[in-house]
Structures are given as structure tokens and as C-alpha cells.
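Please arrange chain B on chain A, whose structure you already have, making use of the hints.
Residues per chain are reported as follows:
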Amino acid sequence: MSTRRQFLVAAGALVIVSRPSASNATPAMMQEAVRKVVGDAQIRKGKVTLDLPPLIDNGNVIAMSVSVDSPMTPTDYVKAIHVFNEKNPQPNIISVTLGPRAGRAMISTRIRLADSQTVTAIAQLSDGSFWQTSRDIIVTVAACTEEIS
Amino acid sequence: MARAVVTVPPKAKRGEIIEIRTLIAHRMETGFRHDSYGRPLARDIVTRFVCTYNGAEICSANLFPAISANPLFTFTTVATESGTLAFKWTGDNDFTLDATASIVVE
Numbered sequence: 109m110s111t112r113r114q115f116l117v118a119a120g121a122l123v124i125v126s127r128p129s130a131s132n133a134t135p136a137m138m139q140e141a142v143r144k145v146v147g148d149a150q151i152r153k154g155k156v157t158l159d160l161p162p163l164i165d166n167g168n169v170i171a172m173s174v175s176v177d178s179p180m181t182p183t184d185y186v187k188a189i190h191v192f193n194e195k196n197p198q199p200n201i202i203s204v205t206l207g208p209r210a211g212r213a214m215i216s217t218r219i220r221l222a223d224s225q226t227v228t229a230i231a232q233l234s235d236g237s238f239w240q241t242s243r244d245i246i247v248t249v250a251a252c253t254e255e256i257s
Numbered sequence: 004m005a006r007a008v009v010t011v012p013p014k015a016k017r018g019e020i021i022e023i024r025t026l027i028a029h030r031m032e033t034g035f036r037h038d039s040y041g042r043p044l045a046r047d048i049v050t051r052f053v054c055t056y057n058g059a060e061i062c063s064a065n066l067f068p069a070i071s072a073n074p075l076f077t078f079t080t081v082a083t084e085s086g087t088l089a090f091k092w093t094g095d096n097d098f099t100l101d102a103t104a105s106i107v108v109e
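Going down the list, the protein sequences come from chains A and B. Following the numbering used here, the numbering of the first sequence begins with 109 at its first residue and continues without gaps. Following the numbering used here, the numbering of the second sequence begins with 4 at its first residue and continues without gaps.
Check each hint, because a few of them may be wrong.
Selected chain B positions facing chain A (Cβ under 7 Å, derived; list incomplete) [claimed, not checked]:
1. Pro-13
2. Tyr-40
3. Asn-57
4. Ile-61
5. Ala-64
6. Leu-66
7. Ser-71
8. Phe-76
9. Thr-80
10. Val-81
11. Ser-85
12. Phe-98
On the chain A side, residues computed to face chain B include the following (Cβ under 8 Å) [unchecked claim]:
13. Leu-160
14. Ile-164
15. Asn-168
16. Ile-202
17. Thr-205
18. Arg-209
19. Ile-215
20. Ser-216
21. Arg-218
22. Ser-237
23. Thr-241
24. Arg-243
25. Val-249
In case anyone wonders, no lab produced these hints; they're calculated from the structure. The beta carbon of each residue, even a glycine, is placed where N, CA and C say it ideally should be.
Isolated chain A, as found in the complex (with noise of 0.2 Å):
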């Protein structure tokens, strides 16, 4: 093995290891800010509704609601819904807390992105289990990082 091979070799993992990604955060972030909220938990799919259009013009202002299936009783109830993105700068989009007074499980709020990306909501319910579903959606103009000029 000549060392100028092993050189070569270590010089492009430098390069892969170190390429820029401060800008925008990526799906590993966003797993670690899942489990910050999930802990060890085990995140099964289905009972969430996220409602996002496929295909938006604007990222800046998009629409966005999201229902649990529960029958929202003092004993079955909703405790908090989250939402995920994989590519803003910030994997978190919002964090909601709920409770049986709410009587559905349904919030709706108005988000950025800021590329074409899949969004995942998360519902946490009385009993601790935690439900999730994903969304993709097609961004044509980014926000959150754009220039003012």
C-alpha cells in the first residue's frame, strides 16, 4: 500500500466529513429532534391526519392541519402533537399540547419551508404510545433562507 493511496483516501473522507451543512438541517437532525421528544419510545403508524397540500408555489405560507384519531375522553385522550421537517435550517416546526378539554384532536397553523421535503407529525396519547405519519410535498420557491434584497 503506497502511503500516497492512503493519503488520497484520507483527504476525500476529510472532504465528505466535512462538507458544508449548516445551512439546512437533514433527516438525521431531524431524528434526533424526534427522539428528544419520543425518548426510547416506540413510534407506531397511523390515527394521525396530516393535511398539506402536494404541491405548493410559496413556502413561506403554507397551510397545514393535523387530527388524531381519539375519542378525546378523560381516559383516552391526546396529550400533544409535533411536527417535524427534514430540510429547514430547524428540524422542529411546532410542538402542541393538548388535553381531554380539547374534545377533538385537530389543530391547523400556517408553516414555512424551505424545500421540496417530507413533514411528519407525531401524536403523543394518555396512554404514552406515540403514532405518527409523514407527508411529502413539493416546495418551488424556499423560504426561510432567502435574501432580502
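For chain B alone, kept in the frame of chain A given last:
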């Protein structure tokens, strides 16, 4: 400058699920943008929203820069008794904004 618009039905039947819509004027500067000279613009966002119904908290939310300017937030609650719904937003640069709405439950 900051202003809030809260929509709560003025009257409701006991046990009815009512929808509450809130909208405030706030620029929600993300902290990730730069001005025309390339200088970073400091983050200025609303970070927390809390709604109480006759003093008891019924809904709260942590907001992040991914929420659009002039944040809109809609949720539901069960009309239990006549009284006041109080809304409070807090954020960067000591931002606070309060709003109230009254409801008559029959």
C-alpha cells in the same frame, strides 16, 4: 404594533365542541436570513402560545421559526361554562401579547 385577532363563538350549548381561531401580527424573523449587506438578521419569533379557559389551561404550543409570519393557530375546545378565554403569546425580545374573548354557555 402587535395585534391579535381571536375568533370564539359568542354563544354555545353546553358540551358543544367549538373551534377557536387565533391570528396575530408578527414578522416571525427566522434568524437564518441576511440583509442586503450580507449581515445576519437576528431571530425574532413568537415562541409560546397558551390559552386558558376560566383560568385552566386548555391548549398550549411551542412555536419554531418554521411557523409563517403572522402566525395563525386554530384548535378546538368543549364549551363547559360561561366565562373568559384568555390567550397569551410570548417570544423573543420580551414580546408579549394578550387577548381575551368571552363566551356564554347555555
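Hint check:
At its closest, the beta carbon of Pro-13 (chain B) sits 18 Å from a beta carbon of chain A; the interface hint therefore is violated under the 7 Å criterion. The closest approach between the C-beta of Tyr-40 (chain B) and any C-beta of chain A is roughly 10 Å, which is over the 7 Å cut-off, so the hint fails. With a cut of 7 Å, the hint placing Asn-57 (chain B) at the interface with chain A is violated, because the nearest CB-to-CB distance is about 11 Å. For Ile-61 (chain B), the interface hint holds, since its Cβ comes within 7 Å of a Cβ in chain A; the closest pair sits about 5 Å apart.
Of the supplied interface hints, the one on Ala-64 (chain B) holds, with its beta-carbon coming within about 4 Å of a beta-carbon of chain A, less than 7 Å. Residue-level restraint check for Leu-66 (chain B) holds (minimum Cβ-Cβ distance to chain A is 6 Å; threshold 7 Å). Because the closest C-beta pair between Ser-71 (chain B) and chain A is about 4 Å apart, less than 7 Å, the hint holds. At its closest, the beta carbon of Phe-76 (chain B) sits 5 Å from a beta carbon of chain A; the interface hint therefore holds under the 7 Å criterion.
Residue-level restraint check for Thr-80 (chain B) holds (minimum Cβ-Cβ distance to chain A is 6 Å; threshold 7 Å). Residue-level restraint check for Val-81 (chain B) holds (minimum Cβ-Cβ distance to chain A is 4 Å; threshold 7 Å). Taken as an interface hint, Ser-85 (chain B) does not check out: its beta carbon lies about 15 Å from the nearest beta carbon of chain A, beyond 7 Å. Here the hint on Phe-98 (chain B) is broken, as its CB sits about 17 Å from the closest CB of chain A, past 7 Å.
The interface hint given for Leu-160 (chain A) is broken, as the beta carbon of that residue sits about 13 Å from the closest beta carbon of chain B, more than 8 Å. A hinted interface residue such as Ile-164 (chain A) counts as satisfied when its beta carbon comes closer than 8 Å to some beta carbon of chain B; here the least separation is about 12 Å, so the hint is violated. Because the closest C-beta pair between Asn-168 (chain A) and chain B is about 6 Å apart, less than 8 Å, the hint holds. A distance limit of 8 Å between C-beta atoms decides the matter here; for Ile-202 (chain A) the minimum to chain B is near 6 Å, and the interface restraint holds.
The criterion of a C-beta within 8 Å of any C-beta in chain B is met by Thr-205 (chain A), whose closest approach is roughly 5 Å, and the hint holds. With a least beta-carbon distance of about 5 Å to chain B, the hint placing Arg-209 (chain A) at the interface is held under the 8 Å criterion. At its closest, the beta carbon of Ile-215 (chain A) sits 5 Å from a beta carbon of chain B; the interface hint therefore holds under the 8 Å criterion. With 8 Å as the threshold, the beta carbon of Ser-216 (chain A) comes within range of chain B, its nearest partner Cβ sitting at about 4 Å, so the hint holds.
Interface hint at Arg-218 (chain A): satisfied, since its Cβ lies 4 Å from the closest Cβ of chain B, which is below the 8 Å cut-off. For Ser-237 (chain A), the interface hint is violated, since its Cβ never comes within 8 Å of a Cβ in chain B; the closest pair sits about 21 Å apart. A least Cβ separation of about 18 Å between Thr-241 (chain A) and chain B goes past the 8 Å threshold, and the interface hint is therefore violated. The interface hint given for Arg-243 (chain A) is violated, since its Cβ lies 14 Å from the closest Cβ of chain B, which is over the 8 Å cut-off.
A hinted interface residue such as Val-249 (chain A) counts as satisfied when its beta carbon comes closer than 8 Å to some beta carbon of chain B; here the least separation is about 13 Å, so the hint is violated.
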